[in-house]
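Visitor: Spelled out, the chains give:
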Amino acid sequence: MICPDVERLIDAYSDDELDAAQATGVKAHVATCPTCHQRVAERAALRRLIRGVPYYAAPSRVRRAVVAIRRPARVTPRRLALAATVLLAVSVGTGAVVRTVRARQAATATLAQDVVASHVRALMGAHLFDVRSSDQHTVKPWFQGKLDFSPPVEDLAGLGFPLVGARVDAVGGRPVAALVYQRRQHTINVFIWPAADTVGALADARSFRGFQVRHWTRNAMALWAVSDLNDLELDQFVRALQP
Amino acid sequence: MPHLDAAFNYARWLTKSDADAEDVVQDAAVRALRFFSSLRNDDARAWLLTIVRNTWNARFSRVGSADEHMVLDDMKDDRPDGQLDAEALVIQRQTVERVQRAIETLPTDFREVIVLREIEGLSYKEIAAVAGIPIGTVMSRLARARERLLALLGPDLARGGIGDLS
Chain A
0 MICPDVERLI DAYSDDELDA AQATGVKAHV ATCPTCHQRV AERAALRRLI RGVPYYAAPS
60 RVRRAVVAIR RPARVTPRRL ALAATVLLAV SVGTGAVVRT VRARQAATAT LAQDVVASHV
120 RALMGAHLFD VRSSDQHTVK PWFQGKLDFS PPVEDLAGLG FPLVGARVDA VGGRPVAALV
180 YQRRQHTINV FIWPAADTVG ALADARSFRG FQVRHWTRNA MALWAVSDLN DLELDQFVRA
240 LQP
Chain B
0 MPHLDAAFNY ARWLTKSDAD AEDVVQDAAV RALRFFSSLR NDDARAWLLT IVRNTWNARF
60 SRVGSADEHM VLDDMKDDRP DGQLDAEALV IQRQTVERVQ RAIETLPTDF REVIVLREIE
120 GLSYKEIAAV AGIPIGTVMS RLARARERLL ALLGPDLARG GIGDLS
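Chains A and B, in that order, are what the protein sequence lines are. Each step along the first sequence adds one to the number in numbering that gives the first Met the number 0, with nothing skipped, and position 180 is 179. Each step along the second sequence adds one to the number in numbering that gives the first Met the number 0, with nothing skipped, and position 110 is 109.
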């Protein structure tokens, strides 16, 4: 390499953004050329100077304001759902059956949105756990006194889905149990609350904004699983939870 | 929220004002929490910074920013007579101030690539995504921004000890 080539690549070289072959070429040239050596040295010195400038960390006021944002956002989908259901009931005049089915579909879709929103908020808000434990006998009693029901808690570590913790969350305005499972780098949130339905079958499977969502009921509990895991593995997980 | 510090730091350098940075970050956080459709775990920081940038862009007109061609006029060394330690501290503080001002006088397009690269340590690919420009443009802007900073900060660089290459 000659100086003009190196000059063109000097910033990418300093930033470690060249491929191995180019980087080797630049390095060899820099070792023998005082001018280009000087250019590399200047960039290193400039970087040190810039890193000496104080970092503008978020003030605690901003931190508090951002945490506060999470609360009212929970109310909105619920209100929308209510409005949608009312609108549906009014506009669909004929056939009580159609109306009921559609209303239920709308409610399911809204809940799916809600659980995905809760899943994302938990991951973004760094509030994934209230209790961090892989022991189902620690997690299950932990919910006592925090919820008016006792959710089923199972560790599935033996099947490759270790339980990592739990928290109390809110879906559609009601407090729910949230169990957190891990699969490699992927987090699975399982939301649980009492349901009138006792049917044990998978009631809903959809993908929403890139997240896989599964819904089923079991022993008078509604269960929702949400994850960015691929659908095959999430189905595996759901089957593991439904013996 | 993770990466809130990065969001604030970036907004502060873009706006050059604490109050404006606070507004931008809060707006951006609202957007981030509502419109999470493009959220991926691996690049959550770049994603959040992109939202910060879009929010700032929407809020503040970028036309005719007076700062773009400002000259560093009061860079003269006015160190007081005092003990040696105090003097060294003052010199160090003045250097930091000069570096800070030099970065602030860069045009916004140059300033943001410098901040994202040197302070946040983003890759070219991430910077391209945040600033919405091709990778080649990231490279050329960084090169030109550095040339300007080197010209502005020559004496400080000499004091900072050029030569120890790593």
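Derived by calculation from the structure, the hints in this document are not laboratory data. Worth double-checking, as some hints may not be accurate.
Claimed, not checked - Example chain B residues on the side facing chain A (calculated, C-beta under 7 angstroms, incomplete): (1) 21; (2) 90; (3) 99; (4) 151.
To be verified - Where chain B lies over chain A, by a calculated footprint (3+ residues, C-beta under 8 angstroms): (5) 6-16; (6) 142-153; (7) 211-222.
Note that the structure is predicted; figures quoted are calculated from it, not measured. Glycine included, each C-beta is placed from N, C-alpha and C at the ideal position.
Visitor: Go through the hint on residue 151(B) and say holds or violated, using the shortest Cβ distance to chain A against 7 angstroms.
Guide: violated, 10 angstroms
Visitor: Is the hint on residue 90(B) kept, meaning its closest Cβ partner in chain A is under 7 angstroms away?
Guide: violated, 13 angstroms
Visitor: Please verify that hint: residue 99(B), Cβ, nearest Cβ of chain A, below 7 angstroms or not.
Guide: Because about 5 angstroms separates residue 99(B) from the closest Cβ in chain A, which is inside the 7 angstroms limit, the hint holds.
Visitor: Can you take a look at whether the region 211-222 of chain A is actually covered by chain B? Rule is 3+ residues, C-beta closer than 8 angstroms.
Guide: violated (count 0)
Visitor: How about the region 142-153 of chain A: do at least three of its residues have a C-beta closer than 8 angstroms to a C-beta of chain B?
Guide: violated (count 0)
Visitor: Close enough to count: is the Cβ of residue 21(B) nearer than 7 angstroms to one in chain A?
Guide: holds, 5 angstroms
Visitor: Taking a Cβ-to-Cβ distance below 8 angstroms as contact, does the region 6-16 of chain A have at least three residues touching chain B?
Guide: It holds: at least three residues are needed, and the region 6-16 of chain A offers 5 whose Cβ sits within less than 8 angstroms of chain B.
The earlier numbered hints that this structure contradicts are 2, 4, 6, 7.
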